Amino acid sequence: MSTVEISVRPEGAVPVPEEALFSLGKEIGEIDSDAPTLKEVTGEKWSFTQVGDQGPRLGEGLTKADGSGRFVQYNAVRTVEADFRRTCAGGKTTVGHAESWTLAVDGIVECGTRTDDATARQAARLACGTDSAAAKP
Numbered sequence: 001m002s003t004v005e006i007s008v009r010p011e012g013a014v015p016v017p018e019e020a021l022f023s024l025g026k027e028i029g030e031i032d033s034d035a036p037t038l039k040e041v042t043g044e045k046w047s048f049t050q051v052g053d054q055g056p057r058l059g060e061g062l063t064k065a066d067g068s069g070r071f072v073q074y075n076a077v078r079t080v081e082a083d084f085r086r087t088c089a090g091g092k093t094t095v096g097h098a099e100s101w102t103l104a105v106d107g108i109v110e111c112g113t114r115t116d117d118a119t120a121r122q123a124a125r126l127a128c129g130t131d132s133a134a135a136k137p
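Quick note: the sequence shown uses the working numbering, first residue 1, plus one each step.
Treat the hints as calculated values from the structure; they're not laboratory data. If you're wondering where the values come from, they're calculated on a predicted model, not measured in any experiment. Glycine included, every Cβ here is placed at the ideal spot set by N, Cα and C. Any given hint might turn out to be false.
Listed next, with one range per pair, are the computed distances between beta-carbon atoms [said to hold, decoys possible]: (1) D34 to T79: 36 to 44 Å; (2) G67 to L126: 19 to 27 Å; (3) A35 to G112: 44 to 52 Å; (4) D32 to G67: 36 to 44 Å; (5) S47 to S68: 37 to 45 Å; (6) V95 to Q54: 18 to 26 Å; (7) G29 to T113: 26 to 34 Å; (8) L126 to D66: 48 to 56 Å; (9) S68 to K136: 18 to 26 Å; (10) K92 to P36: 23 to 31 Å; (11) T113 to A89: 21 to 29 Å.
Please build the complete structure, drawing on both the sequences and the hints.
Here it is as structure tokens:
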């Protein structure tokens, strides 16, 4: 199964892709807002900004459910993406799109049992049906 690939797709003058992701990471709280600019960082890397890297492989590390019932195992990656506009020195403007991931989510849910987890409910709606107890809020 596939997952999200960390990417920056600019149109126009090409910015440093990691800087676009660094800015997005600070905006959403994935990177501390007090962190220095990417250019000032020495030796520190944020996985959020690693262009070309992928999130966790979905479908790996599955566990076995024991007992009676109808179980659904799920895993997902929470992604974040945004369009950006940047004006470079000399007045050239670049627009583009950046995408990364923030959190790997996995679990198991029994179709006949209610859950408070939104990701588990979505998995239950898809696998157990919308009338199942696990799919209902």
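These are the hints, each one checked on the structure:
The hint said 36 to 44 Å for the Cβ distance between D34 and T79, and at roughly 25 Å that hint is violated. The hint said 19 to 27 Å for the Cβ distance between G67 and L126, and at roughly 22 Å that hint holds. The beta-carbon spacing between A35 and G112, approximately 46 Å, falls within the hinted interval of 44 to 52 Å. Taking the beta carbon of each, D32 and G67 are about 43 Å apart, inside 36 to 44 Å as hinted.
Between S47 and S68 the CB atoms are about 40 Å apart, so this pair conforms to the stated range of 37 to 45 Å. Judged by the Cβ atoms, the range 18 to 26 Å given for V95 and Q54 holds: they are separated by roughly 25 Å. Range check, G29 to T113: about 32 Å between beta-carbon atoms, so the 26 to 34 Å window is met. Checked against the hint of 48 to 56 Å, the C-beta distance between L126 and D66 comes to roughly 23 Å, which is inconsistent with it.
Between S68 and K136 the beta carbon distance is about 21 Å. The supplied range of 18 to 26 Å therefore holds. Separation of K92 from P36 is about 25 Å and conforms to the stated range, judged on CB atoms against 23 to 31 Å. The beta-carbon spacing between T113 and A89, approximately 58 Å, falls outside the hinted interval of 21 to 29 Å.
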